[in-house]
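In order, the protein sequences belong to chains U and C. Positions 1 to 467 (the numbering used here) are the ones given, in order, by the first sequence. Positions 1001 to 1428 (the numbering used here) are the ones given, in order, by the second sequence.
None of these hints come from the bench; they were simulated from the model. The beta-carbon is built from N, C-alpha and C at its ideal position, and this holds for glycine as well. Please note that a few of the clues may not be correct.
Unchecked claim - Output of the computed footprint for chain U on chain C, the stretches with three or more beta carbons under 8 Å from beta carbons of chain U:
1. 1091 to 1103
2. 1135 to 1144
3. 1182 to 1194
4. 1320 to 1328
Said to hold, decoys possible - Ranges of calculated distance between the beta carbons of each label pair, as one might list FRET restraints:
5. E1130(C) - E404(U): 39 to 47 Å
6. P1224(C) - D7(U): 14 to 22 Å
7. T375(U) - H1016(C): 25 to 33 Å
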Amino acid sequence: MSRPPIDRRVPPPPGEIRHFGFPPFVRTRLTSGLEVLAARLSGIPLASLEVVAPAGGQFDPEGKTGLAALTASLLDEGTGRRSAMEIATAAERMGGYLSSGADWDVGYVAVGLLANHREAGFGLLQEVLLDPTFPEEEVERIRSQRLAEIVRRNQDPSSLADDRLYEVIYQGTVYAHPLAGTETSIPQLDRASVLAFYRGHFGLAGSQLIAVGDFDPEELVRDAERLFGGVRGPEPALPAAPEIRPAPLPGIAVHLVDRSGAAQTELRLGHAGVPRGHPDYVPLVVLNTVLGGKFTSRINLNLRERHGYTYGASSRFTARLGPGPFSVSAAVETESAGAAAREVLAELRRIREALVEPEELEETLSYIVGVFPYTLQTVGDLAKRLETIAVYGLPDDYYNRYQERILAVTREKLLEVAQRHLDPDRIAVVAVGPAAELEPQFAGLGTMEVGAPEGEPEVAQAGPIAG
Amino acid sequence: MTPNATSELDFPFQRHTLDNGLKVVLHRNPALPLVAVNLWYHVGSKNERPGRTGFAHLFEHMLFQGSANVGTNEHFRYIQQVGGVANGSTWYDRTNYYETVPAHQLDLALWLESDRMGFFLPALTPENLETQRDVVMNERRQRIENQPYGLAGERLHELLYPEGHPYHWPVIGYMEDIEAATLDDVRQFFQTYYTPNNAVLTVAGDFEPSEALSKIDTWFGEIPPGPPVPPVSAPLIPLNGERRTVLPDNVQLSRVYIGFRAPAYGDRRWYAADLLAGVLAGGKSSPLYRELVYERQIAQDVGASVSPYEAVATFLLVSTARPGVDPAEIEEVLLRHVAKAAAGPPAPEELERARNRMLTDYYSSLQKLDNVADLFSQFTTYFDDPGGVAREAGRYLEITPRDLTDYAAGWCGETERVVVTVVPREES
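Isolated chain U (complex conformation) (with noise of 0.2 Å):
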């Protein structure tokens, strides 16, 4: 066929735009004050059901860290009427997925399955959540494999780096532990604490139930109200979250963990960020985006693209209840470590300096904009984001208005949100390598502190360094 003339120097124009708009869903309180949040999305005969408690690591007990977890992890390990291999055959045989966990603001069970397996995992899902019995042996068993799996933790660097620069920036706060726990707190879990635990969180009034999938959202209230709407579970009074407020680091704190013959270096730089429920949130997302959320923004492109550090370089605000992490990571090749953090360094003063360029911010809003429906795709996809509009109690048309929100952005609102949360003269560095190599690199940036791998004994090194 005849091919009509086309010019390749230029990129082509776009077509027309086609609108989007986030599906709808129902939201409604059983009897029991269980809150059901459902959507339908069909295409795939697919099925998701959660329950998410007020049962996070944030209210871990002093001394108890990993609590909330372990907690979590067990209800599924046996109930009044199954044990714990009978739950994971029922589930399994089904080609069910069935996991109950923990992260810091909520405790959950969830239950990911065919859709016309849907009834049967629904009323799995309402057994372990309202009757489980953690049987002593496998609240040991669990126990003792949590413990085993610091050790793995331990010897992977990009973990090492996370919970250094955790202990460092939250020290004194709950966050400043892993959620799941250390060698000395797990011993102290015992099943007492757990059904204490669970009691205490566990509430139907309280919780929400996120259901998506191929399936009618109405018909699943009415199966809900009948699993759920009558029985009660646990009645604890609300329990109120607890202040979690991080004091600021007196300067840049440089910390070294020493993994010696290390063929690279994990590279971690942050502070404290902002709750989720903070009025800047959706600003810091675009400033983010800018600075270190895609491909093309600044952090990577000056790190990888200009200098071939590293494969990859990304930064994030962590959303949470309370003031979640803001950090910057990367694994860089040791020789080039010092550089690197103080390009990071150089890129957080740069957009607290000036005013983003125009052009940049109209393809940040329009990538964020425009990448909304790719983000919707899946049953597991549209639970989170029901998930996030429960839990961080955001209005229920938050996703609706969320692309004007984006677009309301200007260069001087990033400015002024940049200036205000971003603080790279108060910030932790940590990096994991060959401490030997990485030490004088740092010399001069700020305090430092070298140590071992956690679990074995720190040596101090160095003191204050005058930066």
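Fit chain C to the supplied structure of chain U, relying on the hints for placement.
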């Protein structure tokens, strides 16, 4: 035993071949205002030669460094500034490039992909090659060398596919080979493999097929075809004796890897091997998890998988020991369960569990438009059969318990296995 899930979904498609040999698959699904553009080149690390390992992957990086009308790093910029996502990946048998963009930006993605297929060489510079060599060496450090157990997979492959076999070396390549890559290598590789007749282009999502086809012909039709691609021989080489090695690493928990070969992806017996992996170690109620992790508590985890290689696949068992546990104890359990599978068929409910999990996994993967596009390209590249996407789940339903036994008995004998054990490095 009646499988209780739909085995066939409606995945309509059209297929065309342009005059220059480019195969085109169009799959319309207007659920979201998105369009996925996915291009497979039938070249991977198995087309490399010793001394230049890792080249197909380094080349993939170079293809993001610009072409005649697209500047360095502009590819990502053009895609991201309209709200799209883009990337590429390299594998033993193929290299893919893909972008998912808002539906009204289909032309942009076609422009970018056709510019680098047709007009890449004018933009090639020594500076870009140098930076990407550094980036890839850091990628190797990050993924392999600075990763606990990172070298085990590489060593297992070297032993499963003896010297001279094109699956012998890792996709990322060896450090000295990455360093040795020259501009001439880049030119030659491009001219040999990056031709329209060695590629499949899939467009999936919200678009009008006849309009899209004419756009594709406009952007790609004028690119001249190249000579046929040199064939690669990747036979099954009998091992005739167990191969094993111990790899000291910077870890505290030992880990056991046991590998066997499996038939090529697409072969009926490949699906039997995949189901055997699911029967043995898929989920907490599987026999290996039950014995190693749950009952005896000598292992922290266990997994089994079969990789979809075009020529000779790998069947892999992996298990991490609890602190202080002798890996030989774990190995004994893994091998005993393989021997049991070779001796007789699994219980019907074991197979049902594995099969239903496969269906859930496959259906889950079909939720994302970019995966669907990638599957269409895959089935067309390997089998010239885009209909394979809709039939894939059904392939698992054809398999009988006896097929699993036949696979284990025929392919997982003691003279055909490789054992790699990673142990904590002794402190000097």
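Confirm or reject the coverage of the region 1135 to 1144 of chain C by chain U under the rule of 3 or more residues with a beta carbon closer than 8 Å to the chain's beta carbons. holds (count 8)
Can you tell me if the region 1320 to 1328 of chain C counts as covered by chain U, using C-beta to C-beta distances under 8 Å and a minimum of three residues? holds (count 3)
C-beta pair E1130(C), E404(U): status relative to the range 39 to 47 Å that was hinted: Holds - the Cβ-Cβ distance for E1130(C) and E404(U), about 44 Å, lies within 39 to 47 Å.
Taking a Cβ-to-Cβ distance below 8 Å as contact, does the region 1182 to 1194 of chain C have at least three residues touching chain U? Contact hint for the region 1182 to 1194 of chain C vs chain U: violated, 0 residues under 8 Å.
Taking 14 to 22 Å as the stated bounds, is the beta-carbon spacing between P1224(C) and D7(U) within them? About 20 Å separates the Cβ atoms of P1224(C) and D7(U), which means 14 to 22 Å holds.
Three or more residues of the region 1091 to 1103 of chain C near chain U by CB distance under 8 Å? holds (count 4)
Does the hinted range 25 to 33 Å hold for T375(U) and H1016(C) at CB? For H1016(C) against T375(U), whose Cβ atoms are near 31 Å apart, the range 25 to 33 Å holds.
The structure does not agree with numbered hint 3 stated previously, though it agrees with all others.
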